[in-house]
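The whole structure should be built from the sequences, with the hints applied where relevant.
Residue strings, one per chain:
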Amino acid sequence: MFADWPLLSLTVWIPILGGIAILLSGDKGSATGVRRLAVVVAVVTFILSLGLYTGFDMNTAEMQFVEGPYEWIGAFDIYYHLGVDGISMPLIILTTFTMILTLIAAWKVIQKKPAQYLAAFLIMEGLMIGVFAALDSILFYVFWEGMLVPMFIIIGVWGGERRVYATIKFFIYTFIGSVFMLIALIYMYYQNGSFAILDMHAMKLSMDEQLLIFIAFLMAFAVKVPMWPVHTWLPDAHVEAPTGGSVILAAIMLKIGGYGFLRFSLPITPDASDALDWLIITMSLVAIVYIGFVALVQKDMKKLVAYSSIAHMGFVTLGLFVVFQIWENPANSSGSGAVLAVEGAIVQMISHGFISGAMFLMIGVLYDRMHTRNIQDYGGVVHTMPIFAGFAVFFSMANAGLPGTSGFVGEFMVIIASFHANFWYAFLAATTLILGAAYTLWMVKRVFYGEVANDNVRALKDLNQRELLIMSTLAVVVLAMGLYPAPVVEVMHATIENLLQHVAVSKL
Amino acid sequence: MTLEALNYLIAWPEIFLLSMACIVLVVDAFISEAKRDFSYLLAQLALLGSFALLLMQSWDGRELAFNNMFVQDALSTVLKLGILALSAVAFVYSRDYLKDRNIFKGEYYVLGLFAVLGMMLMVSANNLLMIYLGLELLSLCLYAMVAFNRDNSNASEAAVKYFVLGAIASGMLLYGMSILYGLSGSLVLSDIAIAINQAGDSRIGMVFALVFILVALAFKLGAVPFHMWVPDVYHGAPTAVTAFIGTAPKLAGFALIMRLLVETMGELQTDWQQMLIILSVLSMATGNVIAIAQSNLKRMLAYSTISHVGFILLGILAGTTESYAAAMFYTLSYALMSLGAFGIIMLLARQGFEAEEIDDFRGLNQRSPWFAFLMLVLMLSMAGIPPTVGFWAKLAVLNMVVQIDMLWLALVAVFFSIIGVFYYLRVIKVMYFDEAVDDQPLSCGRDMQVTLSANALLVLALGIYPAGLMALCLSVFI
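Which chain is which? The protein sequence lines are A and B, in order. Going by numbering that gives the first Met the number 0, the first sequence wraps up at 507, each residue one higher than the last. Going by numbering that gives the first Met the number 0, the second sequence wraps up at 477, each residue one higher than the last.
Keep in mind that a hint or two might mislead.
Claimed, not checked - Derived coverage of chain A by chain B (criterion: at least 3 residues anywhere in the stretch with Cβ under 8 Å from a Cβ of chain B; other residues may be distant):
(1) 37-45
(2) 129-143
(3) 409-416
Said to hold, decoys possible - If you want the ones that stay clear, here's a sample from chain A, every Cβ over 12 Å from chain B, calculated:
(4) G50
(5) I72
(6) S177
(7) L482
Derived by calculation from the structure, the hints in this document are not laboratory data. Since we're looking at a predicted model, the values are computed, not measured. By construction, the Cβ of each residue, glycine as well, lies at the ideal position given by its N, Cα and C atoms.
See below:
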């Protein structure tokens, strides 16, 4: 029905304009009205974004739903140019979907300036969709930097004790990375005469240029993913952020880093990516193994999930960069497994979006009742919140990569693909199945099982209807993706094959 | 000589402004204290009338008047329009502030009008003498305005410092000009340019003159290491005056650089490029690093000005027509956001209380979400974060630096702007994350609220659609 609508512009601008409207209506009126309006805006955006899926042509790697290029700033050849392919479209739907749950989760919890809170989230939603949809690199950069501002405010205003430290750290870290990317973009503009991302894909670059550009991109995206050793902002930001902030941070913002590698690093600097793949693979494996151990010793539930996010995102970067070693492996002359690796990485991004979102929402449910995130303050929650405990165990299993849940699919694909490159990569990556199970299930054991720890736990009430709705929706999605991931993989297949063909050709 | 030969018609805006300034001076002497608003309105009328007269002039072409003393071209027209508009807005902001401090006097606006006249003459100068006269007219008015609150010892101290250092700078300028005159035998800029072209052996003398002139320009703009006066003057002067000093004179300074360095000494570009690189890097480094340590917002903005001047110099030193346009875009947008920021400081100030400390902004979001949001936009713009005009200004300048293959300079610039982000974020932090300690309602006139909102929203609007302003800046130089 909406085939000829400018769907991408609508999904970008409806939340932003809705957010501005909510901001202008202010906190003087009824909070319920504002909350309803925000959810309606998010639902409308979600429905519109579904049009991207239904109208999507899976057989082509071309950009679809293209809008523009419309001239924006003529002096520098900057255009308003949007479009999606098989990589960005699923991520946009992930964004619009998660946002609804996030806004509903804030219903009763956020009593301080709810209008500003909801408006910040909606504006951020539009900006994040813009990041995924932008085909002009400066447009991309504007959305990329712009989305920092609402997140900065969200953590800083509605966050916990050390929120100021955490939010400034978050902002500065990301900003440091991205300004160097900006210089790289400007440099390419002068070599190439265009800021369009697809033109940058096609341009020739010498090895020295590629290495510098690759490092500039790496600084921007590694911080965002985040990769070890620039991950330290994430646990702070997660711990201090309000539940909704953590959900969006984990579910979507981290994916923007992975998306950046796919959209910029790999196709623009294929030779440098090939030359430096050992660096990324090492960083990814360290993230998977070392950060897994770090997660094991956390006392704070949110911190534990934050570290587990870093470990899981290690799979994404591993999957993206292991392709070069797969191609170079003499034992694997057919080069099979490369597509699997990248698809696994993207499936892992999407699945991690749902699972980490669910984990943070779960911790939010507990935190709203007990106002503590320390594992030792809990114990025996299953006796007072049996339904919730059921969901918690399910999501924890998914986080640990239990077959049948979406968490398994991506990890499994990446591990299998790594075998084509090097046994030890696969071996190290597979330790996550043990480590992940260890830290998640140990947390579940300590929080949910055993004797009822104290009177606070005894007084807990089980999920209300709103929370039940959120949890069951997420559970259905996680299960569906785990049992039948084909629809997600199919939409990206043509794009990935095309991308890898492009990456395989040297630009020198 | 006939009047036609003077071609005085193209100086109508200046003539009108001068007459009006004199009228305000006389009228103000005869009206009672209660009717002081009349002088203010007359002053605004003077700016408005001059603005309208400028708009009526033709935009393209280049016309000379008063025996080649005075030039009118696209550059002068655009900058003069900017100067008049910024000054008018600064006057709007100043009214309540001055009233609260019992210094709402006609002289303030008369001095302001003469300062504006000085700036307009600088912008249109085609002769070394004109440049000097315009600059002195501006500076003398500013010295007096800084000391306008006579009973305030900080302000008097700032005025004396400003005066002494400004006098040294003027001396440098005169010295450089006299060397130029000695070598070229002319005071007219275009003649000097020709003389430099054919300099041959005396080129070294020209470079000697260039050094003195550049020092004076750096003084006036506040580039490191000639920046000492900036923090003291910004801090000591009444905020209304700071807002005035920090905005329109920057445009005049930009014009001065264009007239002297580019139009006159364009031949020596390789020489002044080197000097400007040093000034620019030092300004960005010093300004951004020292600003972190400031607890006084006006001082912080003073150091931030220094760093922004460094960025403007980046655009100039790149030395292409596009880069001058980028520097001009930067100057205009910087003046706009700086005016807004000082406007917010005046908005928070009230009788017997100056909202100068960063801590005075605590919890502004609780007291007034709207103005907190506007300040947020202004701070983001200064930090260069999209979608605000400050981002495009930085992008434009960095573009130009990369274009001339000075990648390292672009990297240095972004490195220091990362440092800069921190202190702008601190202002946002104080407004949004801290609890309000001061719960007095904001008191100021409707006119100021509307103007301030328009000012900050313009920063945002230009951030969303900067193409118009950018094309205008570009059209000036092509």
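Structure-based check of all given hints:
{"no.": "1", "hint": "37-45", "verdict": "violated (count 0)"}
{"no.": "2", "hint": "129-143", "verdict": "holds (count 3)"}
{"no.": "3", "hint": "409-416", "verdict": "violated (count 0)"}
{"no.": "4", "hint": "G50", "verdict": "holds (26 Å)"}
{"no.": "5", "hint": "I72", "verdict": "violated (5 Å)"}
{"no.": "6", "hint": "S177", "verdict": "violated (10 Å)"}
{"no.": "7", "hint": "L482", "verdict": "holds (42 Å)"}
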